[in-house]
Amino acid sequence: MKKNPFVIISILLVIALIAGCAPIQAPQSPSTPSSQGSAPAQTDVQTDDLKPITFKMYSVETDAYPDSDFSSPVAKEIQKATGVTLEIENAVSSDAGLQKLSLMAASGDYPDFVYGKGDLNILKNVDAILKLDDLIEQYGSNIKKFYGDDIKRLRWSLDDPSIYYIGGKELGQENMEPNAGFQLQLGAVKELGYPRLRTLEDFENAIKTYYANHPTLYDQKAIPFSLLADDWRFMITVSNPANFATGNSDDGEWYIDLKTLDCVRHLTREPVKEYFRWLNHMNDIGLLDPESFVQKYDQYKAKIASGRVIALADARWEIDEPVTALKKDGKYEAVYGYFPITLDESVKFADFQSTGYLGGWGLAITKNCKDPVRAIKFFDWMCTEEAQILTHWGVKDLHYTIENGKRVLKQEVKDMRNSDPAWQQKTGIKKYCYPFPTYGNAVKDSTGQYFEAFDTLDAIAERQLPIENEVLAAYGVKYWKELYPQSDEFPVKPHGAAWLVNMDDPEWIAADDRILKIGYQMIPAIVMGKPSEFDAKWEEYQKAMKDAGLDWVTEQFEKVLKERTKLWQ
Amino acid sequence: MIFHICNYTLMILLCVSTLYPFLNVIAISLNDSVDTIKGGITIIPREFTLLNYAEIFKSKSLATSVIISVLRTVTGTVTGILSSSMVAYVISRNDFIAKKFVTVLFILTMYVSGGLIPEYMLIRNLGLNNNFLVYILPGLISAFNVIVLRSFMDSLPFELQESAKLDGANDFTVFFRIIFPLCTPAIATISLFIAVGQWNSWFDTYLYCGSNRALTTLQYELQKILLSAQSSGQQDIYGSADMISQKRISPESIRMAMTVVATLPILFVYPFVQKYFIKGLTLGAVKT
Numbered sequence: 001m002k003k004n005p006f007v008i009i010s011i012l013l014v015i016a017l018i019a020g021c022a023p024i025q026a027p028q029s030p031s032t033p034s035s036q037g038s039a040p041a042q043t044d045v046q047t048d049d050l051k052p053i054t055f056k057m058y059s060v061e062t063d064a065y066p067d068s069d070f071s072s073p074v075a076k077e078i079q080k081a082t083g084v085t086l087e088i089e090n091a092v093s094s095d096a097g098l099q100k101l102s103l104m105a106a107s108g109d110y111p112d113f114v115y116g117k118g119d120l121n122i123l124k125n126v127d128a129i130l131k132l133d134d135l136i137e138q139y140g141s142n143i144k145k146f147y148g149d150d151i152k153r154l155r156w157s158l159d160d161p162s163i164y165y166i167g168g169k170e171l172g173q174e175n176m177e178p179n180a181g182f183q184l185q186l187g188a189v190k191e192l193g194y195p196r197l198r199t200l201e202d203f204e205n206a207i208k209t210y211y212a213n214h215p216t217l218y219d220q221k222a223i224p225f226s227l228l229a230d231d232w233r234f235m236i237t238v239s240n241p242a243n244f245a246t247g248n249s250d251d252g253e254w255y256i257d258l259k260t261l262d263c264v265r266h267l268t269r270e271p272v273k274e275y276f277r278w279l280n281h282m283n284d285i286g287l288l289d290p291e292s293f294v295q296k297y298d299q300y301k302a303k304i305a306s307g308r309v310i311a312l313a314d315a316r317w318e319i320d321e322p323v324t325a326l327k328k329d330g331k332y333e334a335v336y337g338y339f340p341i342t343l344d345e346s347v348k349f350a351d352f353q354s355t356g357y358l359g360g361w362g363l364a365i366t367k368n369c370k371d372p373v374r375a376i377k378f379f380d381w382m383c384t385e386e387a388q389i390l391t392h393w394g395v396k397d398l399h400y401t402i403e404n405g406k407r408v409l410k411q412e413v414k415d416m417r418n419s420d421p422a423w424q425q426k427t428g429i430k431k432y433c434y435p436f437p438t439y440g441n442a443v444k445d446s447t448g449q450y451f452e453a454f455d456t457l458d459a460i461a462e463r464q465l466p467i468e469n470e471v472l473a474a475y476g477v478k479y480w481k482e483l484y485p486q487s488d489e490f491p492v493k494p495h496g497a498a499w500l501v502n503m504d505d506p507e508w509i510a511a512d513d514r515i516l517k518i519g520y521q522m523i524p525a526i527v528m529g530k531p532s533e534f535d536a537k538w539e540e541y542q543k544a545m546k547d548a549g550l551d552w553v554t555e556q557f558e559k560v561l562k563e564r565t566k567l568w569q
Numbered sequence: 001m002i003f004h005i006c007n008y009t010l011m012i013l014l015c016v017s018t019l020y021p022f023l024n025v026i027a028i029s030l031n032d033s034v035d036t037i038k039g040g041i042t043i044i045p046r047e048f049t050l051l052n053y054a055e056i057f058k059s060k061s062l063a064t065s066v067i068i069s070v071l072r073t074v075t076g077t078v079t080g081i082l083s084s085s086m087v088a089y090v091i092s093r094n095d096f097i098a099k100k101f102v103t104v105l106f107i108l109t110m111y112v113s114g115g116l117i118p119e120y121m122l123i124r125n126l127g128l129n130n131n132f133l134v135y136i137l138p139g140l141i142s143a144f145n146v147i148v149l150r151s152f153m154d155s156l157p158f159e160l161q162e163s164a165k166l167d168g169a170n171d172f173t174v175f176f177r178i179i180f181p182l183c184t185p186a187i188a189t190i191s192l193f194i195a196v197g198q199w200n201s202w203f204d205t206y207l208y209c210g211s212n213r214a215l216t217t218l219q220y221e222l223q224k225i226l227l228s229a230q231s232s233g234q235q236d237i238y239g240s241a242d243m244i245s246q247k248r249i250s251p252e253s254i255r256m257a258m259t260v261v262a263t264l265p266i267l268f269v270y271p272f273v274q275k276y277f278i279k280g281l282t283l284g285a286v287k288t
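Just so you know, the sequences run in chain order A and B.
Position one of the first sequence corresponds to residue 1 (this note's numbering), numbered consecutively onward.
Position one of the second sequence corresponds to residue 1 (this note's numbering), numbered consecutively onward.
It is worth saying that the hints were derived from the structure and are not from the lab.
Where hints are given, some of them may not hold.
[What the hints assert, rightly or not] Label pairs and their computed distance ranges (CB to CB): (1) B/N125 with A/R269: 47 to 57 angstroms; (2) A/Q521 with B/L51: 36 to 46 angstroms; (3) B/R46 with A/N205: 57 to 67 angstroms; (4) A/D202 with B/F22: 45 to 55 angstroms; (5) B/G40 with A/D262: 44 to 54 angstroms; (6) A/E386 with B/L51: 30 to 40 angstroms.
Think of the CB as a built atom: it goes at the ideal place given N, C-alpha and C, for glycine as much as any other residue.
Bound conformation, chain B alone (with noise of 0.2 angstroms):
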């Protein structure tokens, strides 16, 4: 009995300690902004008010960069995970000679990766600046997600192939028919993964489609307003001062909104996934 009051005391706490700051983060969104400056507010507005989000979504650009966004996760995920398991079988395969060697490179760029310049003139020389396909090709394979997937494809039971190609099986009726399905939680897992990386990043759009306005993404957006609401604060010691009275909407509800904003759909998404998540995770690291 006290243990179990004990747990439900933790385990309530636990709860409250993890939800709390993201109702807070609500909280804040969704009040007025001058009010939020003399603080208090734990999980409920004091001042209800939308003004933050359409500070927002006042953006020109927003609207555009939004389907890029959306365009982006989805072509990344599945071209991602499409190659990134395939990749994954071929080296999970003792009949493949070079399997060791291919392995190590993979290894490798976990390790030693070419840095920022190397990196961005790489991209200039393929001609992919300001092309949409930047956000796509570099992140196609990753070292990292390979290595789990091949771990996964390591577990299943060889005998699975055999007796698939016995039935006149090629490898890519083995690989689409037999390995591919039994890896769903590990797929799913990576999927998440790849996913959430590629509606986070804005990074590569400030780099390779900063001047195209066409393809900036969500992030990349939610990005420049926020900054802007920050470094209005201090336009001053800088000298242009009319930026200062413009600023009415305080940087603190912006982040808040943006925040609010850019996890939402990951969140809605999350639930559908999260049973193969956890499976996935520990999946890959004890072989049984």
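Looking at chain A on its own, in the form it has when it is part of the complex (with noise of 0.2 angstroms):
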């Protein structure tokens, strides 16, 4: 008796099952692309182009301030010369926004537009999302003129050589400031007559005079030299800086040969290990602080903004907060001057080594799309000198004007951007740049300007303190960025960045992350020992490394990457 309910309830579940399952397969029928079926009814009539039309589109990407009725002055622009309203929905945080679009390849549910990030092959797994070669053979002739060469690094994959996507990150971005780096205050470079700062002998020599000079900083004790290891700000401020200062550009836990395109670990190489012998060694001499790998983000950013902390090896965007704070408070001396330092003089500090395109991510059209021709033509505008000023600049004579032939943002515009976060709301500026193509700051219009409105050289030197300018001028540069290699001492990294590169079997990532973790542990206990131990205890890593399948996950990545780098050439 007590059975039968059970009973029952499993065939009903089998049913419903069966039952539930027809419908997934329903939606692949209707709308197929109609990138070749339309073509009888083209008319050359312009008035058809712009008879109004809605695109829905979603972005895994998050908007505090969306132009959600797409009513801005630029967006209005952009629908007078288009006829193209845009709704745009953005994903509230990045699982949510995975979660999404797996809910759109099971139901079938898709919108006009989708822009996935590194998720974009769950749409691409069920077929939902066109094929963009032929309509942009066809339609998108500025496009073409738009991407030029790196248009190949839209291509999907090897097996599947087509353009899927357009837009994503900038094309041709440069940054302005460096954001890597080992920082020291200002005021110890400044006390200390401007030392030549290149090798990490002279950084330590420069904090050890300083410190011994000034035991006590704004009346607190002061903090030679602080690491941050809080979970993953362990890869930005321990592991990411033992790469740069050995040589290599961001590429994550990697050392990739730009030659061989070989990758290793960059946690096993022999320079890397001199890193490390170096932060030991700082750690015994008692210039390293002792909180450096059990201290929280906030403990570490409280003890910067208290100013006390002569010396760091961060990233610009993790310590922002506490420099603003610093900044505010008037301890101009205690912000950080940025320098380029590496293991010896013969390695070169890359962090303005370029990436090339990135085109790794980037907006696809689903088979869901009302018209496929219109919404190719117009991402073909969007490619448009006439589209990227107005992206970038806003609306003429309201945003900006014209003086001599070159553009000059009204002074209101710059005073809203500093002072309103929904400034892009309200204007429309910059809003419809990325992850639609777009130009990056290196890039000059035909009139020979740029066009980037704001992240220019002129705008971070009306940044600058005048602390730093005094700092910089000694040193016979405006810029932080001079201080650095230049770009052009660099060849252009063929496979973009490995970080970008996704890796989507389980295993690989559990494996990757066992690896990580290991550092996790062991590298404060490295840094931390007795010198005497120092090469037993880093044996003693690298092996646990292999023992973790380090072999199989380095001979995973490179796959994946030389299979990318191949089809981007």
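Starting from two chains that each stand alone, build the complex the way the hints lay out.
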């Protein structure tokens, strides 16, 4: 008797399961891609192209201030020029974005455009996105002009070398400020008489001397040199600087031979070992903050904001908040200068090495798109110079004026940008750049002016503190960037950036994570240990990584990276 | 005497340890966000400001989202309570033939759920996407609530129903006049469960109504503000640098101000139902 309900329920469930599966396949048949099919209906009348049409778009990028009714001045101009209205829905978090993409794939409910970052393959796997090659060939003359040779970097894979998306990252982007490097308080640099800061030894001497002269800073005990190892931030502040100081640019945890494209985990390399030997030495002579490996991010920020940390090895964005606090308190001497410090003189700090166009992500048109031809024409228009100026600078006379043939932003737009977080929502400027096809800050238009309106050297000069200018002048330069080896001293990285490589094998991800976590555990012990035990402990660390499957992880990664690079050539 | 001293110290410590985090949250939410980075804020803001709140309320769609949130909480709670208790009443009756089967069926859903994708497809095929009803209908009956209510009803003497019947009451009269009023403690508890759930939920908005601005809820909008404040810190890794300059309000402060905005309404309601809340929870557990 007791079993009965369960039997019935199981039967019901099985039936429900079968019934539930059926509709998944259903939506695949309607609305086939109309790239060729629509040819006879073609009219060359412009009015047809300007008929109002609304495209729905989903983006996994979050946006707290969406231009949701497409009503900003820039949006209105786009509408005027193309007839297109965009209805953009943004993800609320990266996890939620991924879930939504999976739901779309399962239900067949796609908007017209999807920006899926590295997870677009979810839609590609169910054939939900359109091949764009023919459409671009037919209607995309501006798109082709826009990308030039870099259009190869949009191709999907070696097995399927078609184009499924356009846009994504900026084309022709160059950093205007160093993002990585070793930081020393400007007060220290000044007091020490602008010493040459090139190698770890120089850096160490500078810290040592300044610390000896100033055991306290702002009435608190000074901290000569501090690191942060709070979970993933370990990679940013402990692991990455080792990679940079040995002459590699940001490739995540990898070192990639640019000629052969052979990959190795950078933490296995000899020079990197020497970097950690230096850290160990710094700890030994009492210059490393003993809390380096235990402090949490907010404690670290609080320390920096107090102005007592003399030197750092961090990324700009990670110390942005405490540095803002320092500036607000007028502790300008405690603000940091950026120096391209490396292991020895033979190594060049490669922060400005160009990755080339990072074409791994972009906007896809789905097969539910009402009118793929109009869609591609819309993107084609977005690639014109007119559109690029509109999306970067705003509307002429409203946001910028032309003086002596040069575009000049109105002061109120600049002010708004500095004071109102919703300025993009209100003006529409920069709202339709990324992830649409967009030029980066190193590209000039036909009149020789930069497309970029804000992220320019002039803007940085305006932002720099008087003390920064003083220090920079003493080194004979105007910007921090100029202290670094410039991008033309390095070859363009053929593989883009290793951190952009998508590995979807869960087993690989698990193994990679395991190897990473071994570092989280063992590197602190190596650095904080006795110098005499350094070599033995480093050996132990190498062995632990090997035992965790390092060879296999490297091999797999190298395979994917090489394939992608081949695709891009 | 010593016992009392120990007792009071312990109790005070307990109060402090539960109250302190919340006061800390309020303090940080009222403190200047750049100043907060320096750390060391306890329960009194160092540099008082309302800017963090201003930031949250700058969002365009916040006003409508508050209305939707209140509407869904009120409607969802009223309809939810009504349907759950009616179902509970039916399965508490011994003369209901399929009582056991239906109960098992309900309990089963507590162990086995449909999963995200089937649920999404069900909702979509029912045409509930971008529809206010999606906040109400799926949560109308929850097995857990029904079971709690049924246990409570089981503990009421059956004679009450019998005598009412003798006096000529039909099933509806018995339910609304006798059972429902007697269940107040349980009903209050369940109402609070449902209301808190409704008030806090944002994921359903995201899944089903994210593209419809007229239907977004407060929690969803807050979530959006929080996450974009968070992600702007990482923007740099992914290239779009112009977000960074906008980041004058730190995610920390935003998060705290948001927590306050999101919890205050619940905090105001709680004292009024608290006495039922504790009673209801224990009453459902032990039958006397």
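Looking back at the hints listed earlier, which ones does the structure fail to meet? As far as the earlier hints go, only 3 is violated by this structure.
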